[in-house]
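Peer 1: One-letter residues, chain by chain:
Protein chains: 2
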Amino acid sequence: MANESKLQRLFVRGVFAPGARVELDRSQAHYLVNVLRLGDGDSLLVFNGRDGEFRATLATESRRSHALDIGEQVRRQPAAPDLRYLFAPLKQARLDYMVEKATEMGVARMTPVLTQHGQVGRVNRERMEANAIEAAEQCGILTLPKVDEPLALDTLIDAWPQEEPARRIIFCDEADGRADPLAILAALPASPLAVLVGPEGGFSASERDKLRGLAFVTALPLGPRILRADTAAVAALALVQAARGDWRDPTVAPA
Amino acid sequence: MANESKLQRLFVRGVFAPGARVELDRSQAHYLVNVLRLGDGDSLLVFNGRDGEFRATLATESRRSHALDIGEQVRRQPAAPDLRYLFAPLKQARLDYMVEKATEMGVARMTPVLTQHGQVGRVNRERMEANAIEAAEQCGILTLPKVDEPLALDTLIDAWPQEEPARRIIFCDEADGRADPLAILAALPASPLAVLVGPEGGFSASERDKLRGLAFVTALPLGPRILRADTAAVAALALVQAARGDWRDPTVAPA
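Each protein sequence line maps, in turn, to chains U and X.
Counting along the first sequence from 1, when you hit position 171 you're at 171 in the working numbering, and nothing is skipped either side.
Counting along the second sequence from 1, when you hit position 211 you're at 466 in the working numbering, and nothing is skipped either side.
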């Protein structure tokens, strides 16, 4: 959908303040100068995940050395979202896609979860972080999701923090297509939330039974059709953000 | 997510009845024999988009000639969904993805719509149909969406059928992130629906004004973050299916 600004948006690690100069590392300088073809004095937008969005101008100090002169802040850092996303890792193209989508959907933290039917046991965390940064740059998101190391489902569940109110895990349960997902979400008590999406092979019967037996877990059906895991991810996050998250009118008090 | 059956599912053009034999064309025979490595007498599931899902066995008549012997029906043809999906075509990889996702989300008909900021003016309709078939095979969907030729937005709107109740167009409007999407959907009068998603560049101001001025069009916000068009597609279809479509408990009368 439309971008607020036609200016290129770039994630840069560094401390921003109007008037500050931030040195660019070689890969970022290469990207701005050789890929985007920006020159000395050209403008762009920068964010560091903490301080909001700033206008910046490229300062070419030498052929090999480039910096950014930070200008005025154009957007404040928004309140960080508080939605966790737990997912069985997919093969690379669909995993790239899923990380991009989860970032756009506003998850604060992503945790790869290893399940019995999962086909992928290892994930490239740096690649996931790069996909999240690219999605944030593309879509004007100023808070980058944290990317965790993979965790076994049992370990995740057994160590789930139980402070009150416990963060509720909403898991996408394709075996329950008759129930009404919005009614289920509307009936939840107020608490922080996490969305859990299983592997293409689905959860095993024992995993499902264990999840369904936990007081801090809620099964969410996603209609009468089987969905691929990367589809279920966007669909479930859309329902949760619309029913319980930051897609609701912020002038309306949360349920 | 999990598949109901471990048997391969294949779309086959032909008339199905228990005991019938359906000849396979060369590409389907190649796929079953050389890609899936099925042999004479092996079982699979077949559907033709009209007659439900049948068990079938591969019958090898000769090295070059293969047929399917249709067995018992395992699933009835479900009631055809009645949701149209209107979208500005995207570049190929994201278009493939969008067609796959729209099929999984249960749209009955897809219409590429040409808009002022769209970057893609031509679409490969056969490729879109092949992507829809692959998604249906993968996800156990028995009704294939119809794929239309591209149409200019003005033409689509000016010729929009006005029988009562007119089919309502819900268009994803990122310029309106403060309103509550579920409240908007819940307040709609009963009517058939279409979901319209614009190009990556968004709708032009004049397109937006025209859409917002039409009685049969409703703007749907999708939260405070900008979404890519292929993300907005899944998110909007999920909200519409959950709030107004076939994701609700079918034992509950529609609003």
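Any given hint could be a false lead.
When the alpha-carbon atoms are kept at most 25 angstroms apart in a straight line, the in silico DSS-like pairs for lysine-lysine are as follows [to be verified]:
#1 U:146 with U:91
#2 U:91 with X:261
#3 X:261 with X:346
#4 X:261 with U:210
#5 X:401 with U:6
#6 U:91 with X:346
#7 U:6 with X:261
Just so you have them, the derived chain U footprint on chain X, three or more residues with Cβ under 8 angstroms [claimed, not checked]:
#8 271-278
#9 294-308
#10 394-401
#11 469-483
Just so you know, the hints here were simulated from the structure itself, not pulled from any lab data.
Note that this is a predicted model, so its numbers are computed, not measured.
Think of the CB as a built atom: it goes at the ideal place given N, C-alpha and C, for glycine as much as any other residue.
Peer 1: None of the hints should be skipped; say for each whether it holds.
Peer 2: Evaluated hints:
| no. | hint | result |
| --- | --- | --- |
| 1 | U:146 with U:91 | 20 angstroms, holds |
| 2 | U:91 with X:261 | 20 angstroms, holds |
| 3 | X:261 with X:346 | 33 angstroms, violated |
| 4 | X:261 with U:210 | 24 angstroms, holds |
| 5 | X:401 with U:6 | 36 angstroms, violated |
| 6 | U:91 with X:346 | 22 angstroms, holds |
| 7 | U:6 with X:261 | 48 angstroms, violated |
| 8 | 271-278 | violated (count 0) |
| 9 | 294-308 | violated (count 0) |
| 10 | 394-401 | holds (count 3) |
| 11 | 469-483 | holds (count 8) |
Hint violations for this structure: numbers 3, 5, 7, 8 and 9, all remaining hints satisfied.
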